[in-house]
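Peer 1: Could you build the full structure based on these sequences and the hints that come with them?
Protein chains in written order, with numbering that gives the first Met the number 0: chain A, 0 to 493; chain B, 0 to 110; chain C, 0 to 113; chain D, 0 to 157; chain E, 0 to 100; chain F, 0 to 775.
Rather than coming from a laboratory, the hints here were simulated on the basis of the structure. For each residue, glycine too, the CB sits at the ideal point set by N, CA and C. Check before you lean on any hint, since a few could be wrong.
Stated by the list, open to error - Once the Cα atoms are required to be at most 27 Å apart in a straight line, the calculated DSSO-like pairs of lysine-lysine come out as:
(1) E:Lys33 with F:Lys394
(2) D:Lys76 with D:Lys125
(3) B:Lys97 with F:Lys682
(4) B:Lys49 with A:Lys152
(5) A:Lys152 with F:Lys767
(6) A:Lys23 with A:Lys152
(7) E:Lys33 with D:Lys76
(8) F:Lys688 with B:Lys97
What the hints assert, rightly or not - On the chain C side, residues computed to face chain D include the following (Cβ under 8 Å):
(9) Ser18
(10) Leu42
(11) Phe53
(12) Phe57
(13) Gln59
(14) Phe72
(15) Pro78
(16) Gly81
(17) Ser85
Stated by the list, open to error - Pair ranges (Cβ atoms, derived):
(18) D:Lys80 with E:Ala63: 49 to 59 Å
(19) F:Ile39 with A:Asp440: 44 to 54 Å
(20) A:Asp435 with F:Ala519: 52 to 62 Å
(21) A:Phe51 with F:Arg149: 49 to 59 Å
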Amino acid sequence: MSNLIFLPIVIPLLASIVAALFAKQLRGVRLFSQITAVLSLVFISGLTFYIFSEGTIVGQAGGWQAPYGISIVGDPLAMLLVTTTNVIGTAALFYAPRILERQQETFYFYGFYFLLISGVSGAFMTGDLFNLFVFFEVLLMASYGLIVLGNGKAQLRESFKYVLFNLFSSMLFIVSVAYIYSITGTVNFAQLAERVESVDQQGALTTVGVILFFVFAVKGAIFPLYYWLPNSYVVPNPVVSALFGALLTKVGIYSIIRIYTLIFVHETGVTHQLFIWLAMLTMLFGVIGALSTHNVKLIIAYNIIPAVGFMLMGVGLYSPESIAGSVYYLMHDMVIKGALFFLIGALVVAAGTKDLRQMSGVIQRYPLLGWIFFVASLILAGVPPFSGFIGKILLLEGGLAQEEFLLVIVALLSSLLILLSMMRIFVYGFWGEKMDGMSSDYKHIRKLTIPGVVLVGIAIFLGVGAEFVYPHIESISNMLYDRTEYISSVLKES
Amino acid sequence: MEFILIGLASLLFGTGIYNLLQKQLLRIIIGTVLVSHGAHLFLLTMARVKTGAPPLISDASSYTDPLPQALILTAIVISFGVTSFLLVLAYRTYTLNKTDNMEEMRGREYE
Amino acid sequence: MIDIIISLLLLIGTFFTFSGSLGIIRFPDVYTRLHAATKAATLGVAGVLLGAFFYLLFDQGIVSGKLLIGIVFVLMTAPISGHMISRAAYNSGVQLTQHTKHDQLNQDTRRTTK
Amino acid sequence: MAVQIVVNLLIAITWMFLSETYDFVSFFVGYVIGIGLLFLLRRFLTDKYYMVRVFSVIKLILIFIKELILSSIEIVKHAYKPSINVEPGIFALPIDLTSDKEITLLTSLISLTPGTLSVSVSYDCKHVYIHAMDLPDVEASINDIKQTFESAIMEVTR
Amino acid sequence: MLQDFGADMLSVTVWISFIGISLSIILLVYRTIKGPTNADRAVALDSIGINMMALVGLQAINLATDQLNDIVLLIGILLFIGTIAIAKFLEKGVIIDRHNH
Amino acid sequence: MIFAIFAPLLLAIIIPFLSRWKDKIHTGWLILPIPFAVFIYFLQFVGSDFQPKVFSVDWIPSLDIALSFHLDGLSLLFALLISGIGTLVVLYSIYYLNHKEQLSHFYTYLYIFMTAMLGVILSDNVFGLYAFWEFTSISSFLLIGYWHHRERSRYGALKSMLITVFGGFSLLAGLILLTIVTGTTSIQGMVDQADTIVNSEFFPFILTFLILGAFTKSAQFPFHIWLPDAMEAPTPVSAYLHSATMVKAGIYLMARFSPILAGEPYVFIILSLVGLVTLTWGSYMAVRQTDLKGILAFSTISQLGMIMAMLGFGTKVALFAAVFHILNHATFKGSLFMIAGIVDHETGSRDIRKLGGLFTFMPVSATLAIFGTFSMAGVPLPFLNGFYSKEMFFKASLDNTASSPFAETLVTIIPILAVVGSIFTFIYSMYLFFNTFTGESQVDELPKHPHEAPKMMLLPPFILVLGVLTIGLFPTIFNESLITHAADAVYGGEANKDIYFWHGLIPAFYMSIAVVVIGAVMYLTKSKWDRIYHALPGRLSLNKVYDWIVAKTETASQAITQFYMTGSLRNYMVLLLTAISAIVISVMLITDGMNFDMAETAPITTSEVLVVLFMAAAAVATIFARNRIAIILIVGVVGYGMAVLFVMYRAPDLALTQLIVETVTVALFLLCFYHLPNLNKSKTTWFTKSTNVIISVVFGLIMMVVGISAYNGRAFDPIAQYFIDNSYKLGGGDNMVNVILVDFRGIDTLFEVAVLFGAALAIVAMIKLRRNKGAN
Ligand code: NA
Ligand code: NA
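Peer 2: Next up, the structure:
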């Protein structure tokens, strides 16, 4: 069983190679990718259910026991996120052929896609700090590949900035690993967790922890390190934006959740309080950005940022409820961001423009798109009974219980402004007199809408059917809060 | 000796950052290269240097910590991959945008 | 005894290497500097490496073929590199020092181009 | 020549099998024996005994090393002189060598000779342009190179 | 007696050589930075490589290991390739690079 | 009961599929039975022996969120209003809306709204309540924006949504705080712990959050501004939302929590004050309106203020009156909206200045309107229910006790404000009726020739007027079977029992008389007062505040975002580095993170120092180099220096790799920057340069200080010994680094190759795609 745990990482890697090798046989590759994605989604879902019921599976690569080898840890949190990743990815694969140019598909879209999935899954599952760096690089490299697929002026320009920011944070990552290794002499999460506790002089460790935080903060787009995000997420093809929006920043925030609940919890008064402040600023500046533009894609891209703020808020509050809130929100946000980027891609194709000022009455021709977008907006804003609401309740509960009133008010205010930014699209873009120049290719738009519909359906389920999901999230959060299970399952031999 | 090396690594970081803050594509990339050298050097230094024989099994009594070396090796190769990509990207960016000045590539048209 | 020979090799090698570098610093133009690089430095490194070869051979009992090949390789490639650089320098228009007396290449090139 | 080397190698390996020691020393002994055998059988060989060429190569290398040492000393002298008063210049050396291999070898060797450095080869391969560190007399330099290297190279290649 | 002297001398020599070569590299770095032409830099860089080979050789004596020989050889090969590449580049670069100095 | 609540929602899902028959039959007919059935269902509970009922279905038990419904008197009253008036509104809409419109949308929204409203008033679980609450906001947004091709509709829809959702979020915070304080999510459970809540340190926050939720929803001053714009909705919607449902949700909320809140000094002050201000302001504003629906909108605002004020008084009388007035207001306001719709429908205009003398053309409508308006005005006639509750209101306004000096002042001005507000109410009621139905008719100026509406369209307002009269004539029946139970629920015990027409010559009676007399005089001389009515910029100014906030949010967002999202890589880098530096330095200082107790180090040797020096020199030189090849070569020096360091520090494998990588990188550099122009002397300002220097230096120093501290802070032996011991034994190799790479940490290596693979693909894609596609 413990060898199966590598498959979520290895299958996409192999698929990536196959897809790249046969990239010119486009039809074959498409079919291969879709089949592979669906099959591995089925497999991973099964594995996840198994782990939910039977407990964490730890794969020690090459049979070397932790902390000497690299542990791939299939704990419920990791598996939950890997499953979500694959869900969104699979949806993206069915969206891609309809929105990508042929050129872009043949130039290794599918190769990059699988590489991205492999990197993201690896980042979720690894139990080793340096290995996390490696998986970061894998997923970043894949994202670089995806972002340059447009290969136009703007794409390349924004890609350059994007690559630089990530490169710099990667370097900071290495330095942080160096610092941590110097103090603790290990890079294994579980062993780090054990050792960090018993370090005498913790000031230096806290400082290092904060530096490491910034590494993830750049990837996770936390204030004030998200400058690279909006434009980099706007210039690529919608399917790429969807993958980015749903997966990339989430890896950063996942790492924060993991590391600042497992390892650096020795001085929460400093680190986690810092998170709370940054969470507030992230939410505020994110929505401010979302309100600042008439580019519909950019509105969605900016909306990634406040969501990150919400998740960070949960880590900052550091209580079982708030962590559960962050995890729920994380899962929810992956799904809904994927959906929104799909839908907004469809909207841009349908309306023939990205500019809200030139858009109106789209719903009159494309009611399904309009209504799904409307529901997606509500989900995003955390309106009950959808998925965003569950996470929000938990986070607010956590915040209020700790009397962080300012934080709660900022969170609610930004929820309101998120709704405003989304409703602006609905009211000014979908409503109104039927505009000229709208696409009349109903079939195409319909096909572009379907993947979004599926994801929105999942998001609705995550809210309405929260009872099927939440107990797992609760146990995940308890595991995160009480670290012993993770540590013991990884270090069981020693 | 380690403190001198830490100083050098920090200097590499500093100079790298200074270059990163410039306008020309080339300088910016040079900056990333310097920063990555600095990062690798940190990894080397923080594991303590010269504490024994090279990590090759022989009859020596003590060896230098091999783990950081393995990590650096991975990091070097990865940096190389990314830098190569970045170089080609810079080249393409330059040829398409017809400038190597980043300040002329702000791209505000999306707002 | 052998250690003394090795030491001498090392010292001589270092001396030549250092002198070559000094020449590269002090000589007036790229061509004269190349003289220093292709001769003194090459010889110097060959000396040091030979010292190392002997050390491994006699003190450690290791026959290090790679080191030997390395020496030969340097000796073989240094002049080629020097030639390449000087040609590149000349073709890219690097000026000779003002003290230069003859420049037949320049004259010939002018003749053929006219 | 290639055939001879292969034969020599076979002899060396055979020797290793015969002496049942498989290390460098026995290989070396076998190779030396092979050289001797080939020398004895040289009249039965169709082309020139290859060791002759090997000797000329060794001779060339020795010349080369000698020149290298001499020229290096020359350079070192200049490097430490308080003031550098040389008269550098470029001159054309007429050559009789034809193949690329030979010319490359020559230009390389020239570069290592005291005070000279090959800069360029003319398009018709009749001249090598040489930069000299100190060029008091062009003719003398030309003769010097022709006598030492060019003949030695020809010995090896022809 | 002589052997002891030789061993002592060797360690001193290696030390002296280390310093000599390092100083030599510093001189070359100066030339690399200073130029004035790129050809000068190429020469200096080439020499730095050669000096590095010597340095690695010294370290091989210092650590009494033959594992560094690969590096010596590799430096030699790379240096050659690199120098040729740079020279080729300098030669072609003339088209645009005319106003370099 | 669950079915009763969700029946409209279920139907809403089916409605779009019903629309295929819309050519044959108006969709409204098909769906009319549902609300009626719901009404009948709830009607069966009515009776003097009513006992609260509880129905519950688990939803998310692990979060203590359930669909648990508690049907008490208050809920029952509301449920009847919602389903009853809902039925009438659907019936009315069948005649009001043309069947060519997208009726399926309309009814879908309406039925979602109906379920949401029923859910709000029946939920016992606070999160259930909140969920339904938000759905009322959303469905009313859709209803208001039903004619979304009209700019005003979109504006009104967005405005109502923003304000009510704002309130909703606030309510959520309040509800969560309540669950934190009480440990239960059940409202009844909270009511049982009223003391815990009131004495909790969170109470001020709970109060603020709840009140904000209620005020925004119930259009209390100054959040009332969304309501007039919501009149852009089709009139059936207005009749429904603003008489009985949506706007009463806030009232309901305050009533629901009244057992906890009533009597609290702050509750008294805030609710009474805001309620009365809303009452006065709304009625004053209503007088100025010229649009029939505008008058009714502000009338609604003022009536809501009145009810809110009574909830604030918190006395038995006041609470009873509040509940009673909820019912009364629903009847007369519902009928008036419908009449206004009929007038609009049949004349094509709602402008009161163009209307007049319609009595002749529409006698039935006019008759119905008499009862509605006079009841609203509180004219003391025994068959008008409005008077009963108005009189009780006056009575309650005189019956307050003060607990603080401020409250004392308030207690004295409450009756005054009550009378003033009621005077205005009287005026606009008269104005509404007489200016529409009597006086000179201007038939020619109207878009349509007026005539009476179809009988069936008159039926809904007729039924409501019938309600007005029945309640007025037989208050006791309603009281015993319905209102008492509701009042008990609000009071949290035995509330007032009796409704009398004649209380005797109590002060309240004089107040009623004063209202009628002064009101009549002022109405008759209305033209003389016009200047006063228009003296204040009034409605416009508050709207302007809203518009200003929305516009400012947008422009300020733009300004802020454009200020720092400059697109300039350098600016971003500067911000990033400054932020990291500042925070890391602060953390270092706070946690005392610097550690200068020097740990053991390797000895310093000259040659190593020299190597370090040459690398340092080269690194610094990159800054000053002007020549592009020079800079590349100098960086090569640094790279080779790294290799030397690796050799010196016993890492031969690293040195090898570094050498190859560095050479290839330099070659690639040369290749890629082949065509680039030289690095011209950049025109950077002195300021830019010095910030660059400062940032680089500071960041470098931080790295150094943290590095030194981390170095000195070694607390454990590294795990290296295991590798040293086991590389050969277990890994089968004598080069430990290699063994680690391919065996212990094989995954690293595998994915390092994956990175190279990705890089290669990306490079190929970049180069090849260009050829095929060309620059765009
Ligand atoms: Na527009
Ligand atoms: Na629009």
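Peer 1: For each hint, tell me whether it holds in the structure or not.
Peer 2: Taking the hints in turn, this is what the structure says about them:
no.	hint	in the structure
1	E:Lys33 with F:Lys394	violated (98 Å)
2	D:Lys76 with D:Lys125	violated (33 Å)
3	B:Lys97 with F:Lys682	holds (19 Å)
4	B:Lys49 with A:Lys152	violated (49 Å)
5	A:Lys152 with F:Lys767	holds (15 Å)
6	A:Lys23 with A:Lys152	holds (25 Å)
7	E:Lys33 with D:Lys76	holds (24 Å)
8	F:Lys688 with B:Lys97	holds (25 Å)
9	Ser18	holds (4 Å)
10	Leu42	holds (4 Å)
11	Phe53	violated (16 Å)
12	Phe57	violated (16 Å)
13	Gln59	violated (16 Å)
14	Phe72	violated (13 Å)
15	Pro78	holds (4 Å)
16	Gly81	holds (5 Å)
17	Ser85	holds (5 Å)
18	D:Lys80 with E:Ala63: 49 to 59 Å	violated (39 Å)
19	F:Ile39 with A:Asp440: 44 to 54 Å	holds (49 Å)
20	A:Asp435 with F:Ala519: 52 to 62 Å	holds (57 Å)
21	A:Phe51 with F:Arg149: 49 to 59 Å	holds (51 Å)
Figure legend: structure checked against the earlier numbered hints; hints not met, in rising order: 1, 2, 4, 11, 12, 13, 14 and 18.
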